[in-house]
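Visitor: The primary structure of each chain is shown beneath.
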Amino acid sequence: MDRDRPPLAKPAAIGGRLLWRALLVLPLLFLAVFFFYPLLSIFDLSLRPDGTLDLSGFWRIASTAYYRDTVIFTVYQATISTVLTVGLALPGAYVFTRFAFPGKSLLLSLATLPFVLPTVVVAAAFMALIGPRGFVNTALMDAFNLESAPLQLMQTLELVLIVHVFYNYAVALRIIASYWMHLSTRVEDAARMLGASGWRLWWTVRLPLLRPAILAAAALVFIFTFTSFGIVLILGGIRFATLEVQIYYQARSVFNLPLAAALSLVQIGFMFLMMLVYTRLQRRLTVDISSAQRVARRPQGWREWSLLVGNLVFIGVMLLTPLLALVARSLVEDGMLTLNYYARLSQNPAGSVLFVPPLQAVGNSIAFAGITTVLAVVLGLLTAYLVAGRGRSRSLTRWLDPLFMLPLATSAVTLGFGFLIALDTPPLDLRASWVLVPIAHTLVAIPFVVRSVLPAVRAIPPSVTEAAQMLGASPWRVWRYIDLPLLSRGLVVGATFAFTVSMGEFGASLFVARPDNPTLPIVIFRLLGQPGAVNYGQALALSVILLLVCLVSFVLIERVRTLGVGEF
Amino acid sequence: MIRRLLLFCITIFALTLVPAVAQETTVLRLVTHDSFNVSEDVLSAFIDETGIEVEILRLGDAGQVVNQAVLTAGNPLGDVLFGVDNTFLSRALDADVFVPYTSDNLDSVAEQFILDPEMRVTPIDYGDVCLNYDIAYFQDNNLAVPDSLSDLVDPEYRGLLVVQNPATSSPGLAFLLATIAEFGTEGDYTYLDFWAELVANDVLITDGWSDAYFGFFTMGSEDGTYPLVVSYASSPPFTVDEETGLPTTASIVADGMCFRQIEFAGILAGTENEEAAQQLIDYMLSEPFQEDVPLQMFVFPVNEEAELPELFAEFSQIPENPVTVDYGEIEANREQWIEAWTETVLR
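Chains A and B are the protein sequences, given in the same order.
Note that the first sequence covers residues 1 to 568 in our numbering.
Note that the second sequence covers residues 569 to 915 in our numbering.
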């Protein structure tokens, strides 16, 4: 499907084709200006401070056991987290693809919510649930008359892994499910007719067909957990440190730029290699299969019912109880049910000039997330076409895909420094401009859109597109009536994650200076920086508001798809 | 439709390239950290008085603010920087990011706060990092409140203390510095020996102040189980119980147990509004601003004339002999101290 096809278009379409080419350059331009230029600037400054190359940082990483251990631990925990997350999400994706049950799309939205929570809040939620004085331990102690808390998970690797699954489950679930829903059942039906069932069906038919989506999900989860920062720091405690933590420490506390740059390059280089391997696998594995809409049905028989119930219980326990614990804590003050914390959010007793009413923070968050979503969906979709490389040389595009993943692998503090020193002269003096916030968010969100739609872009049958062109359809009509319906599910997933990334992100926002238009996570972060139970309660209340805003937005994004694109 | 969509995308993209629009009146940019705050009327009084508008730019924590000032030296993001403290002062001074200015208002500031003889930075406020304790817990268990750092390794305080990682947290670093000042780095019993004993005594180390205070401190949230935490001397006033009217926590301000952080403001080299910047520094030292500082930023004013708000006057303690470590020495040894600490605590 990648071979150069003879030009089928009529002369009138040539203008459209040029426009299309121009459009495809946009994501490259964006990446070059807002990612590579700042990044190379800071690396240049860090590694060549006096014009001579200072590679001492690399030597230190290689020769110090502590740094070698950090690299090993980072890979180790990311690998386990990825295997766990994808392994647990796969049966979930099956259930969501195959079965119809009430509340399905709401549940899918609920499962995505953990992704928006700032790590401090997630830590608070888990503390409230399974901390030494949390709901679970208190209940167990009451029930069995225990002296001390039976569940001791604070500052353990197990807890880090649990929270990584909590965070990333929805990423894997949604990416795999959206791809699966478009896979034709024919192959599976044929296999079934030939007598395959149970494990054999999974092993020889389903998994091979799903490999592109599974790999896409695994790649994202791996990057996310590889660069895990807050979760490892807050929940794992001091014994565990990832590369990202070391970069932050060297860049912020010690200000050892050569070492910070060397660590960043090790992280980026490692991720780039992983992505290169992954994109090659991905290409090899993409099955050119005619798509079809899968019809979900009610489960039949006790096996299917127990699979459905089992998965729903898992989602309930794993993803929803921490969120509920958070809601519960935000509603209780001194053992009494109250909305006090919510009411206080709009009061400014100290008359502070930088006070932000919650509605304004909600507005800021939605505005930034909206811009990010539009930018990321447009640029991400174009990137997916660029990477799918229809009719373009393979060797070029094979490098492009990993390149667009790199922003995910770059620590916020490094990129923040890059912005500071690179974007400092007009017309690009953006150092103190709010636009850096959505730009930084977009860089992180594009990979989500690409991963969500790329399997579907690759699976668009060229024969159908060609047929439509031959019949005289304009490129726009071809895209609107053939590509878009096929991509719609992937686009919704991508848009949802772009929105979510922006709503929940505060690392990058903290590393770019900006006039005061704080988002919800930043206000939460500030409340948590002040002593007093009231501030804590307000931070939890605002986190619940963040969850509600996201939930409503997810439902709306899904609406846009069903109204605007329609099923086919 | 596609045209409109395209136009929209191009507009969005173009918007990102539009440079800031030039302003007419003098607008000062104050670059500061995320904990900065000021009352609306205090700031507008300055604007009314001088006609100078103030735009506040916040970025990360004190360390981040200093780093970005160093990276943008000569082409600064703003005119005035507020928030460099004595643990990061040396880094800023070495990079020549400030121009000197001696404010007349310094007359009412005690000598101990003026660290830079060249006056490149002006002290604005100070805060002491001290242990906070849960008053009820110590009373209920008939426990004496520790009154020296070495008490903390006694078995009766086993598993009671939560501190922050000095690599990532500023109170964490302050507490480490207090132990360095107390036990020294050489000799039979150094700060590392103390820390090894502290670890043996089940100290809990968290990443940052908020997860220590709100996650593990008994008086921080419902979930906490540690009655001793590294926090600020200014924290207790915020734990006043509505029924009793008394704070539920107190600070331990015994000699040698607190580390004093002093926050400075400086005029950034390369500013085009040096005179206006000087006026802002003057104002930050004046009583209206200084009296606003405690309730907005939970720190104490350096101006001796400034009156403390009632809540602070009543419930906050100020250590008489806090620990200080020379700021040049902090910058020179920070990495080495923290790495040795990490080794010890992890071992």
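These are calculated hints, taken from the structure and not from any lab test.
You may find that some hints are simply not true.
[To be verified] Short derived list, chain B residues pointing at chain A, Cβ under 10 Å:
1. T594
2. V599
3. R688
4. D719
5. V721
6. G776
7. E882
8. I886
9. P887
10. N889
11. R902
Every residue, glycine too, gets a C-beta built ideally from N, C-alpha and C.
Visitor: The structure should be examined with respect to each hint, and the outcome stated for every one.
Guide: Status of each hint after checking the structure:
Taking 10 Å as the C-beta cut-off, the interface hint given for T594(B) is violated, the closest approach to chain A being about 17 Å. At a threshold of 10 Å, the smallest CB-CB gap from V599(B) to chain A is about 7 Å, leaving the interface hint in force. Among the interface hints, the one on R688(B) is violated; its C-beta lies about 18 Å from the nearest C-beta in chain A, farther than the 10 Å criterion. At about 23 Å, the closest approach between the beta carbon of D719(B) and any beta carbon in chain A exceeds 10 Å, and the interface hint on this residue is violated.
Given the 10 Å rule on beta carbons, the hint for V721(B) is violated: about 19 Å separates it from the nearest Cβ of chain A. Hint status for G776(B) relative to chain A: holds, with the closest Cβ pair at about 7 Å, below 10 Å. The interface hint given for E882(B) is broken, as the beta carbon of that residue sits about 16 Å from the closest beta carbon of chain A, more than 10 Å. The interface hint given for I886(B) is broken, as the beta carbon of that residue sits about 17 Å from the closest beta carbon of chain A, more than 10 Å.
Because the beta carbon of P887(B) sits about 18 Å from the nearest beta carbon in chain A, more than 10 Å, this interface hint is broken. Residue-level restraint check for N889(B) is violated (minimum Cβ-Cβ distance to chain A is 24 Å; threshold 10 Å). Restraint check, R902(B) versus chain A: the minimum CB separation of about 7 Å is within 10 Å; hint holds.
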